[in-house]
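Asks: Chain by chain, the residues:
There are 2 protein chains.
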Amino acid sequence: MDVQRVIEGVLAGRTRQISRAISAVEDGAPQAPELLKALFERSGGAHVVGITGAPGAGKSTLTDHLVLLLRGAGRRVGVLAVDPTSPFSGGAILGDRVRMDRHFTDPGVYIRSMATRGTLGGVSAGTYDAVTVLEAAGFDEVIIETVGVGQDEIDIVNTAHTSIVVLVPGMGDDVQAIKAGILEIGDLLVINKADRPQTARLETELAMMLDLAPSDGAWRPPVVKTVARDGEGIDDVLEAIAAHRQFLSSDERGYLKEVERCRHRIRELWKAAAMERLLPSLLSDEELESAAERMARRQAEPYSLIEKLSKRFNS
Amino acid sequence: MDVQRVIEGVLAGRTRQISRAISAVEDGAPQAPELLKALFERSGGAHVVGITGAPGAGKSTLTDHLVLLLRGAGRRVGVLAVDPTSPFSGGAILGDRVRMDRHFTDPGVYIRSMATRGTLGGVSAGTYDAVTVLEAAGFDEVIIETVGVGQDEIDIVNTAHTSIVVLVPGMGDDVQAIKAGILEIGDLLVINKADRPQTARLETELAMMLDLAPSDGAWRPPVVKTVARDGEGIDDVLEAIAAHRQFLSSDERGYLKEVERCRHRIRELWKAAAMERLLPSLLSDEELESAAERMARRQAEPYSLIEKLSKRFNS
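Chains as they are written, first to last, in my numbering: chain E, -15 to 299; chain W, -15 to 299.
Because the hints were derived from the structure by calculation, they are not lab data.
Be aware that a few hints might be false.
[Said to hold, decoys possible] With a straight-line Cα cutoff of 30 Å, these simulated DSS-like cross-link-like pairs (lysine-lysine) come out:
{"#": "1", "chain 1": "W", "residue 1": "LYS209", "chain 2": "W", "residue 2": "LYS255"}
{"#": "2", "chain 1": "W", "residue 1": "LYS21", "chain 2": "E", "residue 2": "LYS21"}
{"#": "3", "chain 1": "E", "residue 1": "LYS292", "chain 2": "W", "residue 2": "LYS209"}
{"#": "4", "chain 1": "E", "residue 1": "LYS295", "chain 2": "W", "residue 2": "LYS209"}
{"#": "5", "chain 1": "W", "residue 1": "LYS21", "chain 2": "W", "residue 2": "LYS255"}
[Unchecked claim] Facing chain E, according to a computed beta carbon distance under 8 Å, are these residues of chain W, among others:
{"#": "6", "residue": "PRO17"}
{"#": "7", "residue": "GLY28"}
{"#": "8", "residue": "LEU53"}
Backbone N, C-alpha and C define an ideal beta-carbon position, used for all residues, glycine too.
So that you can see chain E by itself, here it is in the shape it has in the complex (with noise of 0.2 Å):
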């Protein structure tokens, strides 16, 4: 890969060049530090948005709609569908890469299904950098998706600078541990499919959450609702996402988000580092091999073996 022509490529948007950018950070190639380095300097534009939500809420749909919308205003934007099963099927999501068939030929949009296995720094790596990617580029809206409410679905929407989480009514019990979670990480909630008998209910469980949620009285999420598949509601979502962005913009907020993310990300890298560089040093994969049979057959256990292998760090 030629480093030099490529930073050129993505300063000057060219999709090409963008890809094999996104691809070099998402594989975690040898180059992509030096490239991520010279197109730091040229990040930090876009208003970033994470979208999640379960399987079949309608995450897709929404998005598309958004990115009509936000096109016909003349905003160029960056979307990233992460997947986090990919590590293990090694692929991304198989409809994404079909689904905006009508973005394809506008030069205004750029879609992207991210595996990010194999990344420094676990799932949410990958996704930062191709932000980064994406805001050299010069895209003035990123909108990062992604499937669930894991630990690595939170880390990705955190980030965003913008969070939303897409429920639908009647999706049964499990939804109760997604709404106990949203709240932490939604600053935007969107109730979608929301032309379902459940809705009502649903609202009204979203609010007394939200009334029972602790405040600093400074940002409530707003309870949005839409039909994504009718395109009703998108416009809503869209006010609520630049009140938001206004909110963060009006005092030292925003700032203090991107402090945030930042610490966040040098911490993934540094931990990254540690594992790849230093751990390995201090345990062989003998040592490893052999503690791991003796453990199998109950001869061993293993937090002994930690206290002892733990002295190694302070020689």
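Fit chain W to the known structure of chain E by using the hints.
Replies: This is chain W only, laid out in the frame that chain E set:
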């Protein structure tokens, strides 16, 4: 906490002490290593079944019926319901705490929702240690139930001997993402709500995927249809679990799988110990804060910073 008393209580199978022990490992209490050292040699006796799937797939209902059947066969059953959103909500799945009322007075059943925050080694580590506690307490079967298909949940399911992925017909496009990942983690695929019209289609799709999957010819994950709500097909699930257990014990595979579980656990503990004891001494809070602030102002980029810091590993 009187560690000796808790240890004796767990070994005697007393519910109250089991709960205290699991709380200790869940919270990463200072007594946890001492507790686990003592319990470890009495562990390893249960068959651990992991159940995962999207929210609303019916995992809780399926688990409930499995517990009923296993109890009917005189087996003692422990259930761990892991809520991956809880690092943020600080709580656990509300419904689980109340859902199995009918087992409440049965000492042969132990049900526990786990938050797994703050545990050494991340979200799956607490689960692994809780299994150790339940095994030491003499449970014959342990069921780990979790939501979703992210890395956390896959790690959790990988602490099981037999992993079940629960699917539902007609759940929408994102389910493709799940399906791509499940072949890697599912020893057994359950189509729940199999009275829905799209059942045959999902069945065909799964069969095709299984045909395409790389296989050493040894174990092809069976596809079992259930209507968990009505208790239909649960006996088939139990039979498939038994068949997989038999398969594991029929040659060296069971032992190798156990070694893999142990290797995973040691590596997790080792990483966690490094994070906790080693890394802070190499990067102070003040350094991190100052770096994050410069990065937020785009005065510094993180990749050079990490390169410089990594040199400390060689000192």
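Asks: Now tell me, hint by hint, if it's right for this structure.
Replies: Verification of the supplied hints:
no.	hint	in the structure
1	LYS209/W with LYS255/W	violated (40 Å)
2	LYS21/W with LYS21/E	violated (46 Å)
3	LYS292/E with LYS209/W	violated (49 Å)
4	LYS295/E with LYS209/W	violated (52 Å)
5	LYS21/W with LYS255/W	holds (19 Å)
6	PRO17	holds (4 Å)
7	GLY28	holds (6 Å)
8	LEU53	violated (21 Å)
When the structure is compared with the earlier hints, violations turn up for hints 1, 2, 3, 4, 8 and for no others.
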